[in-house]
Each structure stands twice: as structure tokens, then as C-alpha cells.
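Throughout the sequence shown, residue numbering follows our numbering, covering 137 to 211 in sequence.
Since the hints were made in silico from the structure, they are not lab data.
Beta carbons are placed, not taken as given, at the ideal position from N, Cα and C, and that holds for glycine.
Hints may be right or wrong, so weigh each one.
[What the hints assert, rightly or not] Simulated DEER-style distance windows between Cβ atoms:
no.	residue 1	residue 2	range
1	201	153	17 to 25 Å
2	140	204	26 to 34 Å
3	189	153	29 to 37 Å
4	144	198	26 to 34 Å
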Amino acid sequence: MSINPEHIFIFKTNVQTELDRILLHRTLHEVEGIESWTVDMKDIDRVLRVISYSLCTDNIIHLVNSAGFQCAELL
137 MSINPEHIFI FKTNVQTELD RILLHRTLHE VEGIESWTVD MKDIDRVLRV ISYSLCTDNI
197 IHLVNSAGFQ CAELL
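Produce the complete structure using the sequences and hints provided.
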């Protein structure tokens with residue numbers, strides 16, 4: 137199954153440590169509508185990539201912010 141680019145969301149975050157990633161996991165893995173997500177811990181922007189067929193950019197930013205992290209869409 138191919139993924140439509142409209143369902144891939146890319147963000148800059150301030151997730152810095154493995155503990156941060158675990159804390160974010162506690163929030164995102166509970167969310168219905170997120171198919172998968174990753175944080176590139178080696179990238180200076182700590183890029184968060186989310187695949188979702190039902191959420192929008194603002195929903196995802198709100199979720200990440202509610203977990204205590206900064207999040208901005210990368211265009």
C-alpha cells in the first residue's frame with residue numbers, strides 16, 4: 137500500500153534525549169489516527185515524521201505540545 141504524501145506530516149521538535157522520546161511515545165501511541173511516527177534523533181531539528189489518515193497538522197502540534205515539547209511544521 138502506497139502512502140499519499142498528504143498523510144505524511146513533518147515537524148521540527150525539541151525532543152533531545154531518549155527519555156524525551158519515551159515521554160512523547162506515551163502520548164502519541166495512545167492516539168487513534170496515528171498510523172506511525174518517528175523522531176530522527178541524529179538530525180539537528182529532531183525531525184518528527186507522522187503518518188496519519190485522519191489528523192491534521194494542528195492536531196499533531198497540539199498533541200506534541202501537550203506532551204511538553206515544542207513542535208513546528210517543516211515545509
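Verification of the hints:
For residue 201 and residue 153, the hinted distance range of 17 to 25 Å is satisfied, since their beta carbons lie about 18 Å from each other. For the pair residue 140 and residue 204, the supplied restraint of 26 to 34 Å holds, since their beta-carbon distance comes to about 31 Å. Taking the beta carbon of each, residue 189 and residue 153 are about 30 Å apart, inside 29 to 37 Å as hinted. Between residue 144 and residue 198 the CB atoms are about 18 Å apart, so this pair departs from the stated range of 26 to 34 Å.
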